[in-house]
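Asker: Okay, here's what each chain looks like letter by letter:
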Amino acid sequence: MGPHIVTSFDDDLLAIQAKISEMGGLCEELLSHALDAVETRDAELAADVIERDKRLDKLEIEVADLTTQVIARRQPMAQDLRFLISALKMSATLERVGDLAKNIAKRGVYLANARPVKVSSSIVRMGQQTLAQLTEVLDAHTARDTALAVSVWRKDVELDETYNALFREVLTYMMEDPRTIGLGSQLLFIAKNLERIGDHTTHIAELIYYVVEGTALGDDRPKGEPISLDGVGS
Amino acid sequence: MTNQTLNDRKVGHQDVKIAAKGVDVFYGSSHAIKHVDVSILDKTVTAFIGPSGCGKSTFLRCLNRMNDTISICKVTGDILLDGKDIYDREVDPVQLRAKVGMVFQKPNPFPKSIYDNVAYGPRIHGLVATKPDLDDVVEQSLKRAAIWNEVKDRLQDPGTSLSGGQQQRLCIARAIATAPEVLLMDEPCSALDPIATAQVEELIDDLRSNYSVVIVTHSMQQAARVSQKTAFFHLGIIVEYDDTTKIFTNPTDQRTQDYITGRFG
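Those protein sequence lines, which keep their order, are chains F and E.
Heads up: the first sequence runs through residues 1 to 234, numbered per our numbering.
Heads up: the second sequence runs through residues 1 to 265, numbered per our numbering.
Rather than coming from a laboratory, the hints here were simulated on the basis of the structure.
There may be inaccurate statements among the hints.
For lysine to aspartate or glutamate, the following DMTMM-like pairs were computed, each having C-alpha atoms within a straight-line distance of at most 25 Å [said to hold, decoys possible]: (1) K58/F to D99/F; (2) K246/E to D145/F; (3) K112/E to D153/E; (4) K74/E to D88/E; (5) K246/E to D219/F; (6) K246/E to E213/F; (7) K143/E to D186/E; (8) K192/F to D219/F; (9) K106/E to D116/E; (10) K246/E to D220/F; (11) K106/E to D206/E; (12) K246/E to D10/F; (13) K246/E to D205/E; (14) K106/F to D48/F; (15) K106/F to D36/F.
Starting from the given sequences, assemble the full structure and let the hints guide the process.
Answerer: Right, dumping it as structure tokens:
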């Protein structure tokens with residue numbers, strides 16, 4: 001794609017792209033710090049994540065504002081239009097990812113005051129897996145790389161499987177020792193938040209594909225089985 | 001205004017009204033249209049878009065033989081209206097133009113009264129028998145062109161006394177007074193303000209239920225708003241011809257993409 005004849009149109013699109021990129025980078029950082037806070041039981045780091053999520057909310061509003069102005073003033077067509085519509089969706093999605101990271105941090109504050117259990121290492125692994133997916137999809141977005149986006153989209157099934165395994169593991173602990181129920185519930189919520197971030201990641205992959213290719217990615221994504229409780233604790 | 005949703009407005013399986021096959025147009029030694037094939041559907045608005053000099057107006061003017069009046073212009077290939085060759089020797093161009101009406105970029109009312117501007121076509125083609133019938137055709141045509149209320153009390157004033165936007169709607173009334181089957185519009189709104197433009201667009205949408213409308217426009221937004229099919233002309237060929245929704249959201253050809261998004265081609 002060459003530049004627009006009206007160069008200020010390119011400036012507008014770049015400004016929106018820059019804000020989306022900032023949101024993406026911030027999401028990665030918030031999730032990474034939230035996971036560190038859970039792993040190292042660092043209540044201060046967790047509080048910092050909660051505070052910095054506000055910046056994401058602000059950016060989302062700025063993207064919506066800018067996008068609305070560009071649509072009103074330039075009447076974009078084709079790829080430009082797809083980019084702007086997707087920018088709106090993308091910023092909303094990233095804002096949600098930030099909220100989920102914030103929620104993980106909040107639960108990290110609780111965990112910081114609880115006694116350590118072995119299961120934390122599973123949650124850390126799942127966290128790393130989720131973060132890697134998010135990083136990859138944001139790279140795909142920057143490079144407009146649909147092949148990478150599709151590969152991230154397909155890999156979400158692995159995250160679903162990790163989630164199911166972790167769910168069963170935590171449930172087993174809680175059944176064995178009712179004193180771990182409070183802690184275990186927090187871990188389950190963290191796992192669920194990570195699983196949701198994975199879903200948002202696949203949504204971003206779909207948006208990237210739509211912007212570049214002009215068609216929807218489709219609905220034949222491999223998905224994990226719903227959790228079965230059979231055999232848990234037996 | 002009908003309450004159609006965007007989906008209802010998708011192109012159905014309309015019959016082909018005009019079929020152009022292998023059309024070439026030469027102005028002397030200049031090759032203006034290069035082997036164009038296109039099917040214009042009935043009860044559908046088709047937009048021709050493209051940069052200046054791409055041949056869209058030239059091609060439009062072939063569809064009712066307006067190019068006949070230019071001595072150095074030569075048209076080859078077939079243009080079939082309802083399956084019949086409009087360049088056949090037996091076809092009378094005047095009769096053809098009653099069936100395939102035209103509205104031009106600049107309003108060009110006859111130096112006659114508002115009434116006579118509209119009544120002229122029905123009169124020369126003998127479409128009405130009595131004065132009350134003619135009055136009725138004039139009134140209906142002016143109403144459909146969304147100008148009746150502005151001129152009903154001054155029908156005997158000269159057409160040229162109207163404002164530019166009113167003159168253009170008068171010309172549209174004149175074009176539809178002969179009940180054409182196809183209406184060709186060459187930049188019909190380029191001299192109109194946004195309100196008059198909206199009225200003409202509303203009229204185009206309305207005409208679609210009975211006629212085949214072909215519109216040449218430089219406004220991409222207008223093409224996107226009013227048409228169901230769009231053809232993108234460039235350097236005398238049709239680069240891309242598809243559903244309007246496809247052309248404006250996800251065109252196939254890079255040249256179309258560059259043009260409609262305002263990039264260097």
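Asker: Determine for every hint whether it applies to the structure shown.
Answerer: How the hints compare with the structure:
Proximity of K58/F to D99/F is assessed by CA-CA distance (about 13 Å); at most 25 Å being required, the pair is judged to hold. The hinted pair formed by K246/E and D145/F meets the criterion: a straight-line CA distance of about 23 Å does not exceed 25 Å. Taking the CA atoms of K112/E and D153/E, the gap is near 16 Å; set against the 25 Å cutoff, the hint holds. Proposed proximity of K74/E and D88/E is supported: the alpha carbons are some 14 Å apart, at most 25 Å.
Taken as a hint, the K246/E and D219/F pair is honoured in the structure, with Cα atoms around 21 Å apart against an allowance of 25 Å. A hinted pair counts as satisfied when its Cα atoms are at most 25 Å apart, and K246/E with E213/F qualifies at roughly 13 Å. Taking the CA atoms of K143/E and D186/E, the gap is about 21 Å. The hint holds against a cut of 25 Å. Of the supplied pair hints, the one linking K192/F and D219/F holds, its CA atoms being roughly 22 Å apart against a limit of 25 Å.
As the CA atoms of K106/E and D116/E are separated by approximately 19 Å, the hinted pair is consistent with the 25 Å bound. Pair hint K246/E plus D220/F holds up; C-alpha atoms about 24 Å apart against a cutoff of 25 Å. Restraint check for K106/E and D206/E: satisfied, since their Cα atoms lie roughly 22 Å apart, inside the 25 Å limit. Between the alpha carbons of K246/E and D10/F the distance comes to roughly 23 Å, so the proposed pair stays at or under 25 Å and holds.
Restraint check for K246/E and D205/E: satisfied, since their Cα atoms lie roughly 19 Å apart, inside the 25 Å limit. Distance check on the hinted pair: K106/F and D48/F sit about 10 Å apart at the alpha-carbon level, within 25 Å; holds. For the suggested pair K106/F and D36/F, the alpha carbons sit about 12 Å apart, so the restraint of at most 25 Å is met.
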